[in-house]
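Construct the entire structure; sequences and hints are all you get.
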Amino acid sequence: MSAPLINVPARAKRGDVIAIKTLISHEMETGFRYGTNGVLIPRDIITAFRCTYNGEEIFRADFYPAIAANPFLTFYTVATASGTIAFEWTGDNGYSQTASAKIVVG
Amino acid sequence: MSARTIFCIGSAAVGFALLACAVPAMSAEIAPGDRRSDYAVMSRETQAMQDDDAANPGMLWVQDGATLWARKDGAAQRACADCHGDARTSMKGVAARYPAFDPGRNRPIDLEERILACRIDHQKATPFAYESKDLLALSAYVARQSHGLPITTGADERMKPFIAAGREIFNRRQGQLNISCAQCHDDNWGKRLAGNIIPQGHPTGYPLYRLEWQGLGSLQRRLRACLFGIRAEPYPFGAPENAALEVFLMWRARGMPMDTPAVRP
Amino acid sequence: MMRNANDPTPTRRRILIGAGCVAAAGFPLPFAVRDARATPAAMATAIRQVVGEANVKPGKVKLDLPPLVENGNTVQFTVTVESPMTPASYVKAIHVFNEKNPQPNVISVHLGPRAGRASFTSRTRLADSEKVVAIAELSDGSFWSDSVEVVVTIAACVEDGIP
Chain U
1 MSAPLINVPA
11 RAKRGDVIAI
21 KTLISHEMET
31 GFRYGTNGVL
41 IPRDIITAFR
51 CTYNGEEIFR
61 ADFYPAIAAN
71 PFLTFYTVAT
81 ASGTIAFEWT
91 GDNGYSQTAS
101 AKIVVG
Chain D
1 MSARTIFCIG
11 SAAVGFALLA
21 CAVPAMSAEI
31 APGDRRSDYA
41 VMSRETQAMQ
51 DDDAANPGML
61 WVQDGATLWA
71 RKDGAAQRAC
81 ADCHGDARTS
91 MKGVAARYPA
101 FDPGRNRPID
111 LEERILACRI
121 DHQKATPFAY
131 ESKDLLALSA
141 YVARQSHGLP
151 ITTGADERMK
161 PFIAAGREIF
171 NRRQGQLNIS
181 CAQCHDDNWG
191 KRLAGNIIPQ
201 GHPTGYPLYR
211 LEWQGLGSLQ
221 RRLRACLFGI
231 RAEPYPFGAP
241 ENAALEVFLM
251 WRARGMPMDT
261 PAVRP
Chain G
1 MMRNANDPTP
11 TRRRILIGAG
21 CVAAAGFPLP
31 FAVRDARATP
41 AAMATAIRQV
51 VGEANVKPGK
61 VKLDLPPLVE
71 NGNTVQFTVT
81 VESPMTPASY
91 VKAIHVFNEK
101 NPQPNVISVH
111 LGPRAGRASF
121 TSRTRLADSE
131 KVVAIAELSD
141 GSFWSDSVEV
151 VVTIAACVED
161 GIP
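Chains as they are written, first to last, in my numbering: chain U, 1 to 106; chain D, 1 to 265; chain G, 1 to 163.
Possibly wrong hints are sitting among the right ones.
Restricting the straight-line Cα-Cα distance to at most 20 Å, the calculated cross-link-like pairs of lysine to any residue (SDA-like) are [what the hints assert, rightly or not]:
no.: 1; chain 1: U; residue 1: Lys21; chain 2: G; residue 2: Gln76
no.: 2; chain 1: U; residue 1: Lys21; chain 2: G; residue 2: Asp64
no.: 3; chain 1: U; residue 1: Lys21; chain 2: D; residue 2: Asp51
no.: 4; chain 1: G; residue 1: Lys60; chain 2: G; residue 2: Asp146
no.: 5; chain 1: U; residue 1: Lys102; chain 2: D; residue 2: Ala54
no.: 6; chain 1: G; residue 1: Lys62; chain 2: G; residue 2: Val50
no.: 7; chain 1: G; residue 1: Lys57; chain 2: G; residue 2: Tyr90
no.: 8; chain 1: G; residue 1: Lys92; chain 2: U; residue 2: Ala19
no.: 9; chain 1: G; residue 1: Lys92; chain 2: U; residue 2: Arg60
no.: 10; chain 1: G; residue 1: Lys92; chain 2: U; residue 2: Thr52
no.: 11; chain 1: D; residue 1: Lys72; chain 2: U; residue 2: Ser2
no.: 12; chain 1: G; residue 1: Lys60; chain 2: U; residue 2: Tyr76
no.: 13; chain 1: U; residue 1: Lys13; chain 2: G; residue 2: Arg117
no.: 14; chain 1: G; residue 1: Lys57; chain 2: G; residue 2: Ala44
no.: 15; chain 1: G; residue 1: Lys92; chain 2: U; residue 2: Tyr76
no.: 16; chain 1: U; residue 1: Lys21; chain 2: D; residue 2: Asp53
no.: 17; chain 1: G; residue 1: Lys62; chain 2: G; residue 2: Arg117
no.: 18; chain 1: D; residue 1: Lys133; chain 2: D; residue 2: Arg114
no.: 19; chain 1: U; residue 1: Lys13; chain 2: G; residue 2: Thr86
no.: 20; chain 1: G; residue 1: Lys62; chain 2: D; residue 2: Glu45
no.: 21; chain 1: D; residue 1: Lys133; chain 2: U; residue 2: Ala3
no.: 22; chain 1: U; residue 1: Lys102; chain 2: U; residue 2: Thr74
no.: 23; chain 1: U; residue 1: Lys21; chain 2: G; residue 2: Thr78
no.: 24; chain 1: U; residue 1: Lys21; chain 2: G; residue 2: Ala93
no.: 25; chain 1: G; residue 1: Lys92; chain 2: U; residue 2: Glu56
no.: 26; chain 1: G; residue 1: Lys131; chain 2: G; residue 2: Pro58
no.: 27; chain 1: U; residue 1: Lys21; chain 2: D; residue 2: Glu45
no.: 28; chain 1: U; residue 1: Lys21; chain 2: G; residue 2: Arg114
no.: 29; chain 1: G; residue 1: Lys92; chain 2: U; residue 2: Arg50
no.: 30; chain 1: U; residue 1: Lys21; chain 2: U; residue 2: Tyr76
no.: 31; chain 1: G; residue 1: Lys62; chain 2: G; residue 2: Glu149
no.: 32; chain 1: G; residue 1: Lys92; chain 2: U; residue 2: Val17
no.: 33; chain 1: G; residue 1: Lys92; chain 2: U; residue 2: Tyr53
no.: 34; chain 1: U; residue 1: Lys21; chain 2: G; residue 2: His110
no.: 35; chain 1: U; residue 1: Lys21; chain 2: D; residue 2: Met59
no.: 36; chain 1: D; residue 1: Lys133; chain 2: U; residue 2: Glu29
no.: 37; chain 1: G; residue 1: Lys92; chain 2: U; residue 2: Ala48
Don't read these hints as lab results, they were simulated from the structure.
Next comes the structure, spelled out in structure tokens:
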């Protein structure tokens, strides 16, 4: 249901280093917690994040249970050309979520 | 129960045992000029998390709320927007005066109850459960439209008896630790308890993202957690005691600006 | 007295033990907890798995983490590595580890010259006061690190067991 919150500058000068912020809704259940009936709650986390810029990978991250719920990530890239910056999150139990943003580079 | 919880309660037990014996139940209310937002006692890092809309996890719920606002639902196939238009204008200042007196019910109702009433009466849809993602998202979205505006809850004359009822609960000793809300939040705000600074307890930013919950929650959820923490029986969601406390706490914070969705430890 | 096995409320004895521990040490509980905890040895193993036999030198890396944390459930941190980030010299990866969570890995990020800046920010969970370590892998095969000792205070009112 929840769409990720993406923050990418709409415009940038060629060669500028821009900051990209991403925030996505996910419980990141660690797999180390016990429910009230004493049964271990199984792990259910986002395990991987990938970012491409006009199709080319510019950033990749592997998440572990120590990443807090509703994972937040800020990273950087050089503004090279106008186009699309695409994001993909994958995780346990077939979890998959994508998003994208357009950037104009002049 | 986690070891951490036991540690917490244990440390609280030691501290509260002293308060419970020595101090009578009457507490001095905070002078209006001495009021501080709970935001002020947080670390810089947590304040920064709240201030940046791109980093504030509460904004995920606000975003969802915007989607729900526009979605047609129920047997009447109506969206909130169909009656209320653009929330940025129609909902401006609304959350800042809630809980508000409802003449039909002859008592105050809070924002969540108001949203549920609209859903049942006007959308002819099944109600959301308390603390459900959808209800919180709508509540966060509506309350967000009052961001920066001063709280005006309780200005209505008809609210007086409910403010008094809430004040009585706030000052009442409760639970195994036999301690009242006022003893911490009126008398000992600014001092430390188990490493954290005791806030005055003003609900300016509800529903808010609590780091402890790693999620968004309502004021009623927080009140239930508070009561659990002093080893008292929490009032059920929707109970009149929770409603009275909400009214009193918002009135106690009158004039302070709303900062929904807040981030708190 | 008879207690329901599912009853999450602590027995009086446990509260007193907790209170005693606070009085004695002012630190989180020393007695055994149900969760398996990572140890400094487990963190060392996890680091070896990433760096192999290479020597990890302190320097070039800055791990920004508050030394005193309000709530261990959500702790924001930033890792920055000095690097020109050119095709000739760049940061390939940054790995973050911890000492006392049930698992020693936190996150691994993979960069390249297109990053422009070898830095990222995320949020972690910290189960206890512990050391957090960040290790950067450079394009020339060298490894550099920084570490921070973090004190995690516990929120006064927790609600395990609340429906």
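Now for the hints, and whether the structure bears them out:
no., hint, result
1, Lys21/U <-> Gln76/G, "holds, 13 Å"
2, Lys21/U <-> Asp64/G, "holds, 17 Å"
3, Lys21/U <-> Asp51/D, "holds, 14 Å"
4, Lys60/G <-> Asp146/G, "holds, 8 Å"
5, Lys102/U <-> Ala54/D, "holds, 17 Å"
6, Lys62/G <-> Val50/G, "holds, 19 Å"
7, Lys57/G <-> Tyr90/G, "holds, 17 Å"
8, Lys92/G <-> Ala19/U, "holds, 18 Å"
9, Lys92/G <-> Arg60/U, "holds, 11 Å"
10, Lys92/G <-> Thr52/U, "holds, 16 Å"
11, Lys72/D <-> Ser2/U, "holds, 17 Å"
12, Lys60/G <-> Tyr76/U, "holds, 18 Å"
13, Lys13/U <-> Arg117/G, "holds, 16 Å"
14, Lys57/G <-> Ala44/G, "holds, 14 Å"
15, Lys92/G <-> Tyr76/U, "holds, 14 Å"
16, Lys21/U <-> Asp53/D, "holds, 10 Å"
17, Lys62/G <-> Arg117/G, "holds, 13 Å"
18, Lys133/D <-> Arg114/D, "holds, 16 Å"
19, Lys13/U <-> Thr86/G, "holds, 19 Å"
20, Lys62/G <-> Glu45/D, "holds, 17 Å"
21, Lys133/D <-> Ala3/U, "holds, 14 Å"
22, Lys102/U <-> Thr74/U, "holds, 17 Å"
23, Lys21/U <-> Thr78/G, "holds, 13 Å"
24, Lys21/U <-> Ala93/G, "holds, 19 Å"
25, Lys92/G <-> Glu56/U, "holds, 16 Å"
26, Lys131/G <-> Pro58/G, "holds, 14 Å"
27, Lys21/U <-> Glu45/D, "holds, 17 Å"
28, Lys21/U <-> Arg114/G, "holds, 17 Å"
29, Lys92/G <-> Arg50/U, "holds, 15 Å"
30, Lys21/U <-> Tyr76/U, "holds, 9 Å"
31, Lys62/G <-> Glu149/G, "holds, 13 Å"
32, Lys92/G <-> Val17/U, "holds, 17 Å"
33, Lys92/G <-> Tyr53/U, "holds, 18 Å"
34, Lys21/U <-> His110/G, "holds, 16 Å"
35, Lys21/U <-> Met59/D, "holds, 13 Å"
36, Lys133/D <-> Glu29/U, "holds, 17 Å"
37, Lys92/G <-> Ala48/U, "holds, 17 Å"
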